[in-house]
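Novice: Below, each chain spelled out in residue letters.
There are 2 protein chains.
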Amino acid sequence: MTYRAPVADIAFTLKHGAGLSPTLAQNGALAADDVDAILEEAGKFATEVIAPLNTVGDKHGTPLKDGNITMPPGWKDAYRSWSAAGWNAVSLPDAFGGQALPHALNAACIEMWNSASMAFGIGPVLTMGAAEALAAYGSDELKRTYLGKLVSGEWMGTMQLTEPQAGSDVGALRTKAERAGDGSYRITGQKIFITYGEHDLTDNIIHFVLARLPDAPAGNKGISLFLVPKFLVNGDGSLGARNDLRAHSIEHKLGIHGSPTCTMVYGDKDGAVGYLVGEENRGLACMFTMMNLARLAVGLQGVGIAERATQQALAYARERRQGRAIGAKDGSSAIIEHPDVKRMLMTMRALTRAARAICYATAGAIDMSHGGGDQAKAADARAALLTPVAKAFSTDIGIEVASMGVQVHGGMGFIEKTGAAQHLRDSRIAAIYEGTNGIQALDLAMRKVPLEGGAVVRAYIGELRNTVKAVQANNDPALGATGARLGEAVDSLDRATAWLLGQVNEAPQAALAGATPYLRLFGTAAGGCMLADEALAALRVSAGEPAARVAVARFFAENIAVQASGLERAVTESADSVNTADAALAG
Amino acid sequence: MTYRAPVADIAFTLKHGAGLSPTLAQNGALAADDVDAILEEAGKFATEVIAPLNTVGDKHGTPLKDGNITMPPGWKDAYRSWSAAGWNAVSLPDAFGGQALPHALNAACIEMWNSASMAFGIGPVLTMGAAEALAAYGSDELKRTYLGKLVSGEWMGTMQLTEPQAGSDVGALRTKAERAGDGSYRITGQKIFITYGEHDLTDNIIHFVLARLPDAPAGNKGISLFLVPKFLVNGDGSLGARNDLRAHSIEHKLGIHGSPTCTMVYGDKDGAVGYLVGEENRGLACMFTMMNLARLAVGLQGVGIAERATQQALAYARERRQGRAIGAKDGSSAIIEHPDVKRMLMTMRALTRAARAICYATAGAIDMSHGGGDQAKAADARAALLTPVAKAFSTDIGIEVASMGVQVHGGMGFIEKTGAAQHLRDSRIAAIYEGTNGIQALDLAMRKVPLEGGAVVRAYIGELRNTVKAVQANNDPALGATGARLGEAVDSLDRATAWLLGQVNEAPQAALAGATPYLRLFGTAAGGCMLADEALAALRVSAGEPAARVAVARFFAENIAVQASGLERAVTESADSVNTADAALAG
Chain A
0 MTYRAPVADI AFTLKHGAGL SPTLAQNGAL AADDVDAILE EAGKFATEVI
50 APLNTVGDKH GTPLKDGNIT MPPGWKDAYR SWSAAGWNAV SLPDAFGGQA
100 LPHALNAACI EMWNSASMAF GIGPVLTMGA AEALAAYGSD ELKRTYLGKL
150 VSGEWMGTMQ LTEPQAGSDV GALRTKAERA GDGSYRITGQ KIFITYGEHD
200 LTDNIIHFVL ARLPDAPAGN KGISLFLVPK FLVNGDGSLG ARNDLRAHSI
250 EHKLGIHGSP TCTMVYGDKD GAVGYLVGEE NRGLACMFTM MNLARLAVGL
300 QGVGIAERAT QQALAYARER RQGRAIGAKD GSSAIIEHPD VKRMLMTMRA
350 LTRAARAICY ATAGAIDMSH GGGDQAKAAD ARAALLTPVA KAFSTDIGIE
400 VASMGVQVHG GMGFIEKTGA AQHLRDSRIA AIYEGTNGIQ ALDLAMRKVP
450 LEGGAVVRAY IGELRNTVKA VQANNDPALG ATGARLGEAV DSLDRATAWL
500 LGQVNEAPQA ALAGATPYLR LFGTAAGGCM LADEALAALR VSAGEPAARV
550 AVARFFAENI AVQASGLERA VTESADSVNT ADAALAG
Chain B
0 MTYRAPVADI AFTLKHGAGL SPTLAQNGAL AADDVDAILE EAGKFATEVI
50 APLNTVGDKH GTPLKDGNIT MPPGWKDAYR SWSAAGWNAV SLPDAFGGQA
100 LPHALNAACI EMWNSASMAF GIGPVLTMGA AEALAAYGSD ELKRTYLGKL
150 VSGEWMGTMQ LTEPQAGSDV GALRTKAERA GDGSYRITGQ KIFITYGEHD
200 LTDNIIHFVL ARLPDAPAGN KGISLFLVPK FLVNGDGSLG ARNDLRAHSI
250 EHKLGIHGSP TCTMVYGDKD GAVGYLVGEE NRGLACMFTM MNLARLAVGL
300 QGVGIAERAT QQALAYARER RQGRAIGAKD GSSAIIEHPD VKRMLMTMRA
350 LTRAARAICY ATAGAIDMSH GGGDQAKAAD ARAALLTPVA KAFSTDIGIE
400 VASMGVQVHG GMGFIEKTGA AQHLRDSRIA AIYEGTNGIQ ALDLAMRKVP
450 LEGGAVVRAY IGELRNTVKA VQANNDPALG ATGARLGEAV DSLDRATAWL
500 LGQVNEAPQA ALAGATPYLR LFGTAAGGCM LADEALAALR VSAGEPAARV
550 AVARFFAENI AVQASGLERA VTESADSVNT ADAALAG
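Residue numbers (numbering that gives the first Met the number 0), protein chains in the order written: chain A, 0 to 586; chain B, 0 to 586.
Calculated from the structure, these hints are not laboratory results. Among the hints, erroneous ones may be present.
It does not matter which identical chain is used: a pair holds within one copy or between any two.
[What the hints assert, rightly or not] Within a straight-line C-alpha distance of at most 25 Å, the following computed DSS-like cross-link-like pairs (lysine-lysine) qualify:
#1 LYS328 / LYS220
#2 LYS64 / LYS416
#3 LYS58 / LYS416
#4 LYS175 / LYS268
#5 LYS75 / LYS43
Assemble the whole structure, with the sequences as input and the hints as a guide.
Specialist: See below:
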């Protein structure tokens, strides 16, 4: 069973959810039909070209020999067709060859690349982020030399923060940059866990490296960002000498074996030639441009792996026959007929679609933030609020759904050749990289919820309440208790938010203890409301399979949103049980 | 970081929980000091001999060549020392060399073997189950020839149910047994997913194979159990000819690579020689003797892997320094100081200990069922009620805790050499084999809860209420809201149980839809109360680290037991959302 891009489903969520509907309403240049055509083509590429490479990548891995990495069979051709078709450039600025299409549309594409193969999809995500950062902060000269090729994907980019002592704590990094006197810098040091740090997909690789100048202040305020090409580039744009950097080793990982994870060494000789991006000591701001997009993209990996795991489990459950379901006539039933299996499959589907809606809405907010005025400002704050939820909720459910996918397969799920286990292995990294989900929860609780004194989150909760009212006003009996359960979930989120706003400054230790259940509560209430919005939209326009969307929204509300009250308590009443637990963790 | 058996912790739970306290109160022959001495020795063996073999097994696997499997380096010596020391015989009948010690004590040992290495621990578990079945159902002649060596572990046993079309639905099996005319049978057919089906740890392997006689009725009522030795045994007990069976292939699995999972072929020539165990067509009853013990043992695998993952995460969190915790003076803090990490570690610890208490209590009920009279009958029903919870709750949390263990390690968790990922890979099977956790949930909801018209489960809930009252009567402020939250959880379980009893016959489809959240609710309420019992016992006797036990009980009650109301709703209010979901699963 391989992946088939759920183009119609994605298109509906995109056009009727918060992802693309505001853009479509505003932007005469992009028609709904164009969106369908682009998604159709992307889905075709993901399904036909990338998806078959997924197990190939898992089996072959990315062997490193003499500093060179050979990517799995077929990957180079696939990548080159992919970039030649313009898929790297979808939402990148048009000044350097990008198509400047909405991020929300690109988000849908990113989901599909990553459903097809997470290990394949993560490389381009970093290249896109690098291009965004360079476009925003790079000098004209750097842009002239590098931006066009990063936009097209002819060269890939990397994002290099982590060092052994500097993981979640980026400020602790030690890689050095010294001024060379000619405007360039010389980089020495070591970076670890560098995704796509070396490979043979492209002729050059453009590394974006955080490093510290000799006179830099300590911590986060002394970090600068450098563009460090694998091969130096001559004045005419041709490739010059090899730069003083190399992949020293690769990691043997639980999953995404097709994605090379490298330890990079800079400065075996005189230091690698690097060029400053943005201002000295202001590198973290540049890196955050990359990182926010990368966080959303990693959230989309969670959606993608969940979608693929759901498809595979569904296909198996339709074929596999065991036992006789109640009411079935003769012989054995397909296991999808058994209520317990149905519950698993519906949980998978509902969580996947909720996470998708959250991620697309985040991308939509980014799109709306690019205009001007108060609306853009509000959209920017909305994107800031939703980004940690999109990243952490989606990747958490990615793992849960992939694990449930193994379970649906029974014993076959544990056998590697079935493929369900690979999804679980692959899914596990997304909750860790680009800021662990714990870091996302802290970001949400301590920085995003307090934005504008809480006005940003309160406005968002107000919108969720409108959804609840709309559901309650609808008389479709198929919605069951959707309105009531979502209403309770939003109430829980509202109270937990008020509590959090009271703690952030007064009792930060308490706020920190509740951060992770708060993020889950947020994703649960928001995701449930978004699914209900989709169901109402489908009923309204009599398209997008209304019965199916109603069933998913109802299942989420009655089975998943009901966790809200327990999560609320874990946020608001459990600080003591966390912070006084040292006795139980000693010894 | 390797495993260190938590002997003191285990001993406390065993002696002060339902596992061993009734036996100790009754049985003058076994003193509490003996228990400590045995646990100490078992812990030493698990820690020093088995635990170091765990990564060896993961790396080497169990290659099959010409029908023979070579076990990983060091495994044969370790197994032989282990069985020579008497560990296989702990709770087996004394007539054939067993020590006839309580199952609860053996349960603690099984946990430790499996913490040390799940792949190592699963083999003996099956041998013990085979010995129990043979002791209960075998003819005197079969016992004379095989039982002593199965009790000592000199020969290992296997348990062979599964065929490609017969997984959860055992009744669909097709392996044939024909009467040979001399009292023996000839077996032909194929079995899949056979754990330890072939290996070089012992000179003979005794297979317990379910097969169907030519004139057998269809389904479950036509299954017979046969003892089928790898090597036939001569009259003098020496090994004779090779039997007509072989391992045809082994599976490449997600985890437990040190445990050979074989496809077995019977009857290349005239059929393998087999001997009937019990009566013809009554094999399933015999197999259930093995299976119930195996289910508990697999639950203990869940506890074991959770314990090991928790130990490893704790060790890492104490060493790894990132960021500065609130209130810390200078430099970076150990990540265990960060509330969010503390929450993860406490969740791991609390879930692990709750599952342990449930498994030990199940074993204790088995012990008490071996006496006579009403008490034994009640204990037998209690064991029947708790077994599916012990199996499914413990293995579900095994996966969750192992996954959280990866998360605590951050990027290092995804790197195989760290070892945290192996625990996640290993843990995944336990929710599948010996009856998937979905099957356990159905067993609980449809067969165990209705026992004696619900009197068995009601009596159990009554005991949980007594715990709640005892907690509420205690004034220790460190218990926080433990009493209140557990009271609510037990209320939820009570209402969900009443609902379930009303549905089982009237609306089985509804009961089936709620089975999985019901089992989780049951484990949550029961586990929370058992942790509270332990905390109260520790306070009472001023031993067993009262402060730590109170902290764990409180954390569980305030952070995990609070999920009860959401689970209750998913049981009692969600049948329609599950059973009308077909539209959302089509296409």
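Novice: All the hints need checking, so say for each whether the structure fits it.
Specialist: Cross-check of the supplied hints:
When the C-alpha separation of LYS328 and LYS220 is checked against a cutoff of 25 Å, the pair qualifies only between copies, where the shortest distance is 20 Å, while the shortest distance within a copy is 71 Å. Only between protomers do LYS64 and LYS416 lie at most 25 Å apart by alpha-carbon distance; the minimum there is 20 Å, versus 28 Å within a single protomer. In the homo-oligomer, the alpha carbons of LYS58 and LYS416 lie at most 25 Å apart both inside one protomer (10 Å) and across protomers (18 Å), since each shortest distance falls under that limit. Taking CA atoms no more than 25 Å apart as the test, LYS175 paired with LYS268 passes inside one copy only; the shortest distance there is 14 Å, against 72 Å between copies.
Proximity of LYS75 and LYS43 under a CA criterion of 25 Å is satisfied intra-copy only: 18 Å inside one chain copy versus 52 Å between copies.
Figure legend: structure checked against the earlier numbered hints; every hint is met.
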